[in-house]
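Enquirer: Take a look at the letters that make up each chain.
There are 2 protein chains.
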Amino acid sequence: MAKKSFPLSKVYALLEPGPVVMVSTASRGRSNIMTMSWHTMMEFEPPLVGCVVSNRNYSFDLLMATKECVINIPTKEIADKVVGCGNASGAKMDKFETFSLTPKPASQVEAPLIKECYANLECRVADTNMVDEYCFFVLEVIKAWIDPRVKDPRTLHHLGKGNFMVAGESIKLKSKMK
Amino acid sequence: MAKKSFPLSKVYALLEPGPVVMVSTASRGRSNIMTMSWHTMMEFEPPLVGCVVSNRNYSFDLLMATKECVINIPTKEIADKVVGCGNASGAKMDKFETFSLTPKPASQVEAPLIKECYANLECRVADTNMVDEYCFFVLEVIKAWIDPRVKDPRTLHHLGKGNFMVAGESIKLKSKMK
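If you read the protein sequences in the order shown, they are chains A and B.
According to our numbering, the first sequence is numbered sequentially starting from 48.
According to our numbering, the second sequence is numbered sequentially starting from 48.
I should point out that these hints are in silico values taken from the structure, not numbers from a laboratory.
Treat each hint with caution, since some may be false.
Copies of the same chain look alike in the list, so a pair counts if it works inside one copy or between any two.
[As the list claims (entries may be wrong)] Distance condition first, Cα-Cα at most 27 Å in a straight line; then the derived DSS-like pairs of lysine-lysine:
| # | residue 1 | residue 2 |
| --- | --- | --- |
| 1 | Lys50 | Lys223 |
| 2 | Lys225 | Lys208 |
| 3 | Lys198 | Lys219 |
| 4 | Lys198 | Lys123 |
| 5 | Lys123 | Lys208 |
| 6 | Lys151 | Lys225 |
| 7 | Lys208 | Lys219 |
| 8 | Lys51 | Lys208 |
| 9 | Lys162 | Lys223 |
| 10 | Lys139 | Lys162 |
| 11 | Lys162 | Lys219 |
| 12 | Lys139 | Lys57 |
| 13 | Lys221 | Lys50 |
| 14 | Lys114 | Lys198 |
The structure displayed is predicted, hence computed values, not measured ones.
Please model the complete structure; the sequences and the hints are all you need to start from.
Expert: Here is the structure:
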């Protein structure tokens, strides 16, 4: 596998720009993928990520049962698969098979990495106090992987109703911020 | 003012792509601006937004005191002001004056709108249960404004250490999603 371990202290830089992500889960031999845009960083290190996983999704059940998932970050090259996963339910199909995505074993969790995504964040559920009211999970990233060949990932950013903004140019400004 | 009222049911499309935002607050004649990237949609309608406002920030005190703020969405044209506000503390200066930003009265809250931002979301704090542990606020957007002249806003997306991705091209894919 071409991916390299990525420092947990830098994970925020992958999620802060707000990319659409694909959350993979697995339980008792069944795996699933959910497309998600409602996530935010909550702490730098250990990296905490807050996200909404609706209880109408099959991934909600797998996440609650296992308390584990992988956040996979796709780019424009697989935009059709990203939308496909977002429009189908894993209760009725194997999304890896249906959308020709490749599951790869993770190192710390049972949920698989999606090979076609340029970055993968192995996560454990850290807090479920806001699940009942908002379906809001706090995840801790415990292991991160990145494809070092991808320099300017053309991440997808949902604008509603199938419209996506694709990551454009990068600019550098003088800043004291992390 | 050139801005038009914007339907609350469409607010998610402004925040889902993950833009850097500027949070304005005001209390007892003092106002402030905080640059923020750690936010997520939590519900479509009424629109709920979860966000982290560190208790090391002056904005935390104003937000806790008033339970109101405005989320303002800037674009590349004012990137220097966005970074400037992120690197300074409002405890020691008036950021509107320092960074030549124009406060405009909001309709539902005391906190001012930032005129130079293409969209403004007037918010009330809806839930503070996660503030002690994570400085995480749940906000309800109660009024939204947008500049109808801005068609493809070149929003900023933080990549860490002063690097920003600028919103690029938009693509349209067939989708059943909101």
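Enquirer: Hint by hint, note whether the structure agrees.
Expert: Going through the hints against the structure:
1. Lys50 / Lys223: neither (30 Å within a copy, 33 Å between copies)
2. Lys225 / Lys208: between (33 Å within a copy, 5 Å between copies)
3. Lys198 / Lys219: Both: 15 Å inside a copy, 24 Å across copies.
4. Lys198 / Lys123: Both. Shortest intra-copy (14 Å) and inter-copy (22 Å) distances satisfy the 27 Å Cα cut-off.
5. Lys123 / Lys208: both (17 Å within a copy, 25 Å between copies)
6. Lys151 / Lys225: neither (32 Å within a copy, 30 Å between copies)
7. Lys208 / Lys219: Between. Shortest inter-copy distance 8 Å satisfies the 27 Å Cα cut-off; intra-copy 31 Å does not.
8. Lys51 / Lys208: Answer is between: at 22 Å across copies they meet the 27 Å cutoff, but 34 Å inside does not.
9. Lys162 / Lys223: Classified as between: cross-chain Cα gap 26 Å, same-chain 35 Å, threshold 27 Å.
10. Lys139 / Lys162: within (22 Å within a copy, 49 Å between copies)
11. Lys162 / Lys219: between (30 Å within a copy, 24 Å between copies)
12. Lys139 / Lys57: For lysine 139 and lysine 57, the Cα distance exceeds 27 Å both inside one copy (37 Å) and across copies (30 Å).
13. Lys221 / Lys50: Neither: 31 Å inside a chain and 31 Å across chains, both beyond 27 Å.
14. Lys114 / Lys198: Neither: 32 Å inside a copy, 41 Å across copies.
The structure does not agree with the numbered hints 1, 6, 12, 13, 14 stated previously, though it agrees with the rest.
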